[in-house]
Every structure is written in C-alpha cells, then in structure tokens.
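> Start from the sequences, fold in the hints, and give me the full structure.
Number of protein chains: 2
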Amino acid sequence: MSSLFDIKGYLAIKRAQVDEALNRYMLQSEGELAGHIEAMRYSLFAGGKRVRPILCVAAAESVRHDKTVAGDSLLAAACALECIHTYSLIHDDLPAMDNDDLRRGRPTNHRMYGEAGAILAGDGLLTFAFDLLSRADYADSKPDLQLKVIEIISRAAGPLGMVGGQAMDLDSEGKEIPFSVLRSIHSRKTGALITASVQSGAVLGGATAEQLDSLTVYGEQIGLAFQIVDDLLNVQGTTEELGKAAGSDALRKKATYPAFFGVDRTKKMAAESVEHALAALTSFDHRADPLRELAGYIIHRRR
Amino acid sequence: MSSLFDIKGYLAIKRAQVDEALNRYMLQSEGELAGHIEAMRYSLFAGGKRVRPILCVAAAESVRHDKTVAGDSLLAAACALECIHTYSLIHDDLPAMDNDDLRRGRPTNHRMYGEAGAILAGDGLLTFAFDLLSRADYADSKPDLQLKVIEIISRAAGPLGMVGGQAMDLDSEGKEIPFSVLRSIHSRKTGALITASVQSGAVLGGATAEQLDSLTVYGEQIGLAFQIVDDLLNVQGTTEELGKAAGSDALRKKATYPAFFGVDRTKKMAAESVEHALAALTSFDHRADPLRELAGYIIHRRR
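Just so you know, the protein sequences line up as chains A and B, in that order. When the letters of the first sequence are read in order and numbered with the working numbering, they come out as residues 0 to 302. When the letters of the second sequence are read in order and numbered with the working numbering, they come out as residues 0 to 302.
It should be emphasised that the hints constitute simulated quantities derived from the structure, not laboratory data. In this text the structure is predicted, and so the values were computed from the model without any measurement. Mixed in with the good hints there might be a few duds.
One copy or two, either will do: identical chains are not told apart, so a pair holds if it fits within one copy or between any two.
List of simulated lysine to aspartate or glutamate pairs, DMTMM-like, C-alpha gap at most 20 Å [stated by the list, open to error]:
| # | residue 1 | residue 2 |
| --- | --- | --- |
| 1 | K147 | D71 |
| 2 | K147 | D136 |
| 3 | K253 | D229 |
| 4 | K174 | E31 |
| 5 | K253 | E175 |
| 6 | K147 | E271 |
The following block contains the structure:
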C-alpha cells in the first residue's frame with residue numbers, strides 16, 4: 000500500500016466530481032414537478048459520503064490503461080448508484096419501516112415531505128437510476144457494457160439483494176436469529192450494492208474476466224467490513240457523530256455483529272475482511288491504490 | 000378494422016402466455032426470502048388484465064415480418080411492464096397514498112403484508128423489472144434494442160412520467176386545478192407507461208423510425224382513452240364491477256374528465272381518442288388488427 004497516496008485529497012476530488020455530475024444529471028426543481036424533484040434532491044444532496052460512486056470510479060481506474068478523465072457513462076453509473084442508495088435510505092427511514100426522524104443530522108425525507116412524498120421520492124430516484132444507466136447519448140456509450148451494468152445493479156438492488164435484505168431485516172426484528180441469517184441480511188442489504196458498485200466500474204473500465212473476479216472479491220469483503228463497522232458505530236458512536244440516533248439497533252433488539260461476538264472480536268473481524276479485500280488486489284498495480292486506501296478508510300470512518 | 004378478428008380469443012391466448020411467462024420468470028416463494036416473494040406474487044397474480052404486456056406483444060407483432068412466436072426478450076419485456084404496473088398499484092394503495100383496502104376484489108397488498116411489506120414488495124417488483132429487461136441470456140438477446148427499451152420504460156415510469164404524475168395527483172387532491180394540469184397528470188400517470196408498452200414492443204419487433212412514430216401516436220391516444228374511461232368507470236361503475244370502491248374520486252374531490260365536461264362529452268372524447276389511435280395505424284396491414292381491436296376493447300371495458 001503506497002503510504003504516499005493522499006486518500007483524503009482523492010476522496011475530496013472524487014466527491015466533488017460526483018456531486019457536480021449528480022447536480023447536472025438530476026432533474027432541476029422547477030415547473031409542475033418542482034415539489035417531487037425537490038424531495039428527491041433534498042435527500043440526494045444531504046451530505047452523503049458518495050462511497051458507492053467513488054468505489055465505482057476507483058474500480059474503473061484500477062483497470063483502465065488510459066489516463067483520461069472518467070467518461071460520461073462511468074460518471075452516470077456512479078450517479079445512478081447514489082440514486083439507488085439514497086432511495087433505500089428514504090424508504091428505510093419511513094414510519095412503517097425504521098421510523099427514523101434524523102438522517103445525516105437533518106430531518107428525514109418523510110419529516111420534510113410527508114410519507115407519500117417520501118415514498119414517491121424513493122420510487123422516483125430508483126427509476127431515475129435506470130434512466131441514467133440506459134441513455135444512449137453518452138460520448139462513450141457502449142450498449143453491451145451498459146446493459147451488463149444494469150443487469151449487475153438491478154440484481155444487487157432487487158428482491159435477491161438489497162430489497163430482500165431489508166425485508167429479512169424487518170422480519171427478524173425482535174426475533175432470535177442464527178448468525179447465518181444475520182450474515183445473509185448484511186450481505187444482501189449492504190454488501191450487494193457495494194459489490195455491484197465495484198463491479199460496475201470494473202465492467203465500464205474494461206476489466207478482464209479475471210480482473211472482474213478479483214474486484215468482486217474485493218467488493219464483497221469491503222461490503223462486509225462496511226456493515227460490521229456500521230454495527231460497531233451504532234453501539235459506540237454518539238448521535239452527533241452518526242447524524243442519527245445512536246444505540247437504536249439495541250433498542251430495536253436488532254441482531255448485530257457486536258451482539259453476537261462482542262466489540263473486540265467484531266473489530267478483528269472487520270480488520271480481517273479488509274485484509275481479504277487487499278489480498279484480492281495483489282496482482283493489481285498502483286492504479287488500484289485508491290481502492291486499497293478506500294478499504295482502510297471504510298474501517299476507520301466515524302459515520 | 001377486421002370484423003372477423005376474434006379479440007376475446009386473442010386476449011385469452013396472450014393473457015395465458017403472459018401469465019405463464021410471469022410465473023416462470025418471477026422468483027419462486029421459497030427459502031429465506033419466501034415472505035417477500037410471496038408478497039410480490041400476491042399482487043402480480045391478482046387477476047390483472049395484462050393490458051400493458053399484451054400491447055407490447057401486439058405492437059411487436061404489428062411490425063414483424065416473420066410469424067414466429069414471441070421471442071424471450073419480448074416476453075420478458077412484457078412481464079417487466081406488468082411488474083412495474085403492479086408495483087405502482089401497490090404503492091398507490093398504501094395508507095399514506097390512496098389508502099385503499101380493496102384492489103381487484105381482494106385485500107390490497109398492505110392489508111395482507113403490512114405497510115412495510117407492501118412498500119418493499121413494490122420496490123422489489125420495480126427493481127426486478129429492470130433485472131428482466133437487462134438479461135443477456137435470452138435466445139434472441141439484442142443489447143442495443145434492450146438498452147433502448149430500458150431507456151423508454153425508465154423514462155416513462157420515472158419522475159417525469161408515472162411517479163411524477165402520481166406526485167402531482169396527490170398534490171392536487173382537494174384543489175381546484177385547470178384542465179391542463181389534469182391532462183398532464185393523466186398523461187404522466189397512466190399514458191406514459193401505456194405508450195412505453197407499445198413503443199417497447201415496436202422496438203423489439205424491429206420497427207422502422209416511421210413505424211415507431213405512428214405506434215407512439217397510437218399509444219398516446221389509447222393511453223388517453225384508457226384514463227378517460229377509468230374516470231367514467233369510477234363515476235358510473237359499481238364497486239362489484241370495479242373491484243374497488245366506486246365513486247372514490249368524487250369523495251376525494253379529485254379532478255376528473257366527467258367533473259370537467261360531464262359524462263356525455265367525456266364519452267365522446269374517449270371515442271375521439273380511439274379514432275385518433277386507429278388513424279395512426281392507417282398504413283399498417285392486417286398484422287395491426289390486434290392493436291386496432293385493443294383500442295376498441297379499452298373503451299368498452301367494464302373495469
């Protein structure tokens with residue numbers, strides 16, 4: 000791992016690039032649809048870390064031979080991933096689901112726009128993601144690669160992935176579940192879209208089948224680490240740090256890694272996942288340094 | 000219009016074909032995701048008329064030169080359209096939206112699976128539609144055409160189309176709105192996905208640009224007729240016929256065509272839309288007979 004690589008600077012640059020693209024691609028809040036678009040924009044520009052878009056772009060850069068800036072279809076895919084992530088947060092926060100009032104330190108979408116408005120903002124963002132992914136007018140548009148990316152993302156976000164994981168999570172609240180079920184929930188609910196983010200970038204960056212396999216392992220392992228750290232932060236973080244209610248998992252009697260293994264062993268498991276992620280990148284050159292540093296960033300983040 | 004064409008027989012055959020394909024493509028309700036999948040299947044197999052899938056298949060047949068049965072990617076697109084339509088019904092029925100207890104004579108999804116379960120069933124169906132649309136393993140898979148169809152459908156179902164129309168509809172409840180706004184709501188909320196159904200079939204059937212333009216006009220006009228008839232049925236139908244509460248629009252003080260123009264003039268407007276739809280098919284041969292008969296079916300339906 001290059002100790003000279005400036006991960007903070009890299010994240011700041013990429014985040015600005017993603018924010019600019021999101022603002023450009025996302026509909027403007029005007030005309031007869033202004034209210035609906037404003038509700039989508041409210042959550043889309045609520046200070047998200049843009050982890051999934053940055054993973055997508057970094058994965059593409061890890062396999063690309065040219066040094067050109069990110070192409071339009073890559074940036075659009077990155078934005079689509081953030082739209083899908085944002086929709087999932089809006090729906091997860093709903094009164095019928097987790098019933099959260101705060102997200103990233105601000106009122107949740109339904110506290111601002113009402114339940115119906117929030118449901119539709121989520122529906123709109125999810126559908127708009129596939130609009131972004133399917134456009135044929137990008138300068139670097141490649142229909143076969145775009146279709147492959149839609150297949151990857153829709154599978155990861157759908158009933159077998161993120162939505163199914165959330166359904167299992169709700170079903171398991173207040174119940175004793177074995178660790179295998181918790182792992183399945185985590186893998187579907189968080190891991191699948193993070194893995195898909197890495198895979199999408201890899202595909203659009205022109206990865207070989209072998210490179211795609213390695214990057215898939217990398218994605219799965221950091222996805223796992225990401226969720227384990229989420230569990231830890233919920234136990235240990237303060238509400239101020241998290242931007243949402245701390246300790247809410249315990250209150251809801253949700254199964255978590257710390258509840259199964261205790262804090263110390265859970266920390267070790269997160270570190271092991273990061274090690275596995277790094278090991279998957281052994282055959283990659285310096286172009287994978289951002290992915291290597293991102294693995295470390297995920298485990299040391301505070302929210 | 001061929002008076003010899005048996006529209007009832009055609010509809011029965013196509014509906015069976017769509018139902019078979021939906022059952023085959025849709026996930027089976029088993030394993031740890033059984034509850035979530037059952038919730039999706041409950042609404043997907045609730046006796047829908049399959050209008051959008053049949054329009055999709057009929058549009059493809061209206062331009063195709065060969066006489067082969069519908070290809071895999073066409074049937075999958077037809078199923079995807081039904082998944083999107085079904086998701087929209089589930090979310091529209093939610094307590095935070097129209098708060099309906101009955102749909103097609105059966106308890107609505109949230110009455111069966113709870114609010115959270117219904118929100119997720121909708122999210123799952125919407126995302127699964129894009130999974131179906133993007134698969135590369137259909138025998139007749141054509142990435143460029145599939146991508147074009149995803150672009151058409153995601154645009155029609157998204158913030159500028161169906162979701163946006165529903166947002167405008169909710170905003171306008173109990174308010175005096177001009178007719179131009181009602182027309183925009185109808186066009187987005189119902190017309191867009193019906194038009195997209197026709198366009199998707201046309202694209203997958205290999206329509207020329209000119210044919211696609213004509214079929215787009217056809218789709219827009221029957222979409223309009225469909226919504227006008229919906230408004231009429233809500234005024235005139237019985238709860239038994241509709242499978243949902245009759246007169247609910249008036250109770251909610253919703254703007255409708257009959258409220259603007261009275262029943263007689265509204266009926267004339269629906270008939271005019273059907274005429275415009277038929278006129279758009281003038282240059283099409285007998286292969287467009289199903290589309291011609293479908294236009295008449297839409298205006299004479301009882302629910």
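> Now tell me if each hint is right for this structure.
Hint by hint, here is what the structure shows:
1. K147 x D71: both (16 Å within a copy, 17 Å between copies)
2. K147 x D136: Both ways: K147 and D136 sit 17 Å apart in one copy and 11 Å across, limit 20 Å.
3. K253 x D229: within (13 Å within a copy, 45 Å between copies)
4. K174 x E31: between (46 Å within a copy, 14 Å between copies)
5. K253 x E175: The answer is within: 9 Å in one copy meets 20 Å, while 47 Å across copies does not.
6. K147 x E271: The answer is neither: 31 Å in one copy and 43 Å across copies each exceed 20 Å.
The structure fails hint 6 only (numbered hints given earlier).
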